[in-house]
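Student: What follows is the residue order along each chain.
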Amino acid sequence: MASRKHLRSRASAWDRKYSPYLYISPFFLLFAVVGLFPLVYTVWVAAHDWDLIMGQGEFVGFDNFAHVVGQRAFWIALRNTLSIFILSTGPQVVAAIIIAYMLDSHLRARTFWRMGVLLPYVVTPVAVALIFSNFFSQRFGLVNSVLDTIGIDAIGWQSEVLPSHLAIASMVNFRWTGYNALIFLAAMQAVPRDLYEQAEIDGAGKVRQFLSVTVPMLRPTIIFVVITSTIGGLQIFDEPRLYDQYGRGGTDGQWQTMTIYLYELGWTRSDFGLASAVAVLLFLLIVAIGIINFTITRRIATGDGRKKTASRRRFAKGVRS
Amino acid sequence: MTASAPIAPVNAQADSGRTLGRRRRSAPGGQNRRPGFIVYGCLAAVVVGGMFPLWWSFLIGSHHSTILSQTSFPWWPGGNFLVNAATVMDTIPFWRATMNSIIVSTTTAFSVVFFSTLAGYAFAKLRFRGSGPLLVFVIATMAVPTQLGVVPLYQVMAALGWTGDLVAVIVPALVTAFGVFWMTQYLRQAIPDELIEAATVDGCSMIRTFYHVCLPAARPAASMLFLFTFVLNWTNFFWPFIVLGPQNPTLPVALQQLQAAHFVDYSLVLTGATLATVPLLILFVFAGRQLVSGIMQGAVKA
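Protein chains in written order, with the UniProt record's numbering: chain A, 1 to 321; chain H, 1 to 302.
The shape of chain A in the complex, shown without the other chains (with noise of 0.2 Å):
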């Protein structure tokens, strides 16, 4: 009886010690599995000669990445990967902050207009893709039709570089804009009223509080929107994917982007090791961008922060007392 109930103690004990791993477990297996090992193995492959079918070959080194390097198509995704994230993270960010600035007031129905906005995020991107590249489409689409009746002449939205990377760049924004508003909206919510009647007294008027207390309050909030947009957005496939028919980026490349080119150099050319080095190239880049968006930002926060602390202190003051 002694020996059962000491049993019973010491396998509870290891239940309260161990049961907490054995719950973390599976993202950590799974992660390593299917995350970690991956990315790693990446750099292992694009050291290799490597085929899609033949597997492994020689080890080569560098060999890849001079090669991929040395390709005008390599720069031309690069560019074109940058153009069509600028295009869309820029606006849409702006845009967002400004529809939430509308939807935090006293809207009557107030559930129904943040669901409006909401509603292309669950558009799936392809379709969005499919949609808009009708739209787009040089000879019968909307946008040039519309164009033609106030007397603007024809756009070559797929023929030419730019018009292209702005077509693609409205298929993200359509789909994210009413979501980040949504994000937007939860941090402006969270700004204290005090602020605002501190400004009205001290004579602001909207567009200046808007500009003066919302916009800096809701800094954090665009660091993480523009972070979060830059690891998806550099890695953009499905909407240039599906913008023609052919889905390799335009006839001459207009608006291929990094992961289409990856694509091509694995799937269609069946060079597994050209395809790594392009993954590890831009892997580096998201990184080497996400440090700059973090030292800019930073910067902007101490550069005006002296600018600013002697209104803000007044608002400080306003709030303590």
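Calculated from the structure, these hints are not laboratory results.
Accuracy of the hints is not assured; some may be wrong.
As the list claims (entries may be wrong) - Example chain H residues on the side facing chain A (calculated, C-beta under 10 Å, incomplete):
no. : residue
1   : Phe73
2   : Trp76
3   : Pro77
As the list claims (entries may be wrong) - Pairwise CB distance ranges (calculated):
no. : chain 1 : residue 1 : chain 2 : residue 2 : range
4   : H       : Arg219    : A       : Thr149    : 47 to 55 Å
5   : A       : Thr268    : H       : Leu195    : 55 to 63 Å
6   : A       : Arg4      : H       : Arg129    : 43 to 51 Å
7   : H       : Arg219    : A       : Ala154    : 53 to 61 Å
8   : H       : Phe37     : A       : Val33     : 32 to 40 Å
9   : H       : Pro74     : A       : Ile150    : 15 to 23 Å
Claimed, not checked - Quick look at which bits of chain H chain A covers, simulated, 3 or more residues with Cβ under 8 Å:
no. : stretch
10  : 141-151
11  : 249-262
In this text, all values refer to a predicted model and were calculated from it rather than measured experimentally.
Glycine included, each C-beta is placed from N, C-alpha and C at the ideal position.
Given chain A's structure and the hints, the job is docking chain H onto it.
Tutor: The following block gives chain H in isolation, referenced to the frame of chain A:
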């Protein structure tokens, strides 16, 4: 607003602001503003702009493809939608793709919710050595573009003989860092420590405590996580496109096949796009409110 716990402070502020605004007409900023016609007009434009592409898709899908080459566009649906839908279903394995998307999204959503709740419970409420650094590690992995490991991941799936099989899409998505983080954040506030202590004193094993104390409390956040995971996997294209063959696609992959087969025939392509969007629109009608509050809660905590 069932999951009020994490956003309670924000709501309290908003509410006090609102009553304040009612009392004092001129109250400035934020919730206190009474929007005029301009705000309603702009918001209406945004919402209409969000719906227009879907309407357009249905509009073109309901006509014969020659409609696009005519001088003026149609503004009213035609009667050709069912005919087009039939052609779509002849071209791509539409029902199979729909079934596959349902299987993939449902399985991953259940799995992510279960494993994330389990891990989130451990991180939020159980004391164990290394819990702090391990949680930081989980959060850090959210910033890692793991999608770039596609080449070796494909090799792993090929070695397992899983290419072309739904398992290859499901397994990598069984649990996510975001899910673990999300549940950890929620459960911290949702379960009082005393409740767990009481269960332990009563001799509950760890897993029974999880089952009886944590699971009921986790429900609101769990249902939102379910929705987000469902939408994420339903709309996912890159990995399924690479690893699934044309015989056994998910809906986005099937849409791509449709486009490759019928690009010039926009009516058919857009009929397909419409058909593929309808299931999530139905979901949105019932769960859109939850998605909205889920995004807003996540933002406050992030």
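Student: Three residues minimum, CB to CB under 8 Å: does the stretch 249-262 of chain H make the cut for coverage by chain A? Let me know.
Tutor: holds (count 6)
Student: Count the residues of the stretch 141-151 of chain H with a beta-carbon closer than 8 Å to any beta-carbon of chain A: does the count reach three?
Tutor: Contact hint for the stretch 141-151 of chain H vs chain A: holds, 10 residues under 8 Å.
Student: For Arg219 (chain H) and Ala154 (chain A), compare the CB-CB distance with the range 53 to 61 Å and indicate the outcome.
Tutor: holds, 55 Å
Student: Mind checking the hinted window 15 to 23 Å against the Cβ distance between Pro74 (chain H) and Ile150 (chain A)?
Tutor: holds, 20 Å
Student: Are Phe37 (chain H) and Val33 (chain A) spaced within 32 to 40 Å by their CB atoms?
Tutor: For Phe37 (chain H) and Val33 (chain A) the Cβ distance comes to about 56 Å; the hint is violated.
Student: Do the numbers back the hint for Phe73 (chain H), that is, is its least Cβ distance to chain A under 10 Å?
Tutor: holds, 7 Å
Student: Restraint: Trp76 (chain H) near chain A, CB-CB cut 10 Å. Satisfied or not?
Tutor: violated, 15 Å
Student: Restraint: Pro77 (chain H) near chain A, CB-CB cut 10 Å. Satisfied or not?
Tutor: violated, 15 Å
Student: Does the Cβ-Cβ separation between Thr268 (chain A) and Leu195 (chain H) fall within 55 to 63 Å?
Tutor: Because 57 Å falls inside the window, the suggested range holds.
Student: Given the hint of 47 to 55 Å, is the C-beta distance from Arg219 (chain H) to Thr149 (chain A) inside that range or not?
Tutor: Holds - the Cβ-Cβ distance for Arg219 (chain H) and Thr149 (chain A), about 54 Å, lies within 47 to 55 Å.
Student: Quick check: does the Cβ-Cβ distance between Arg4 (chain A) and Arg129 (chain H) fall within 43 to 51 Å?
Tutor: violated, 29 Å
Checked against the numbered hints given earlier, this structure breaks hints 2, 3, 6, 8; the rest are met.
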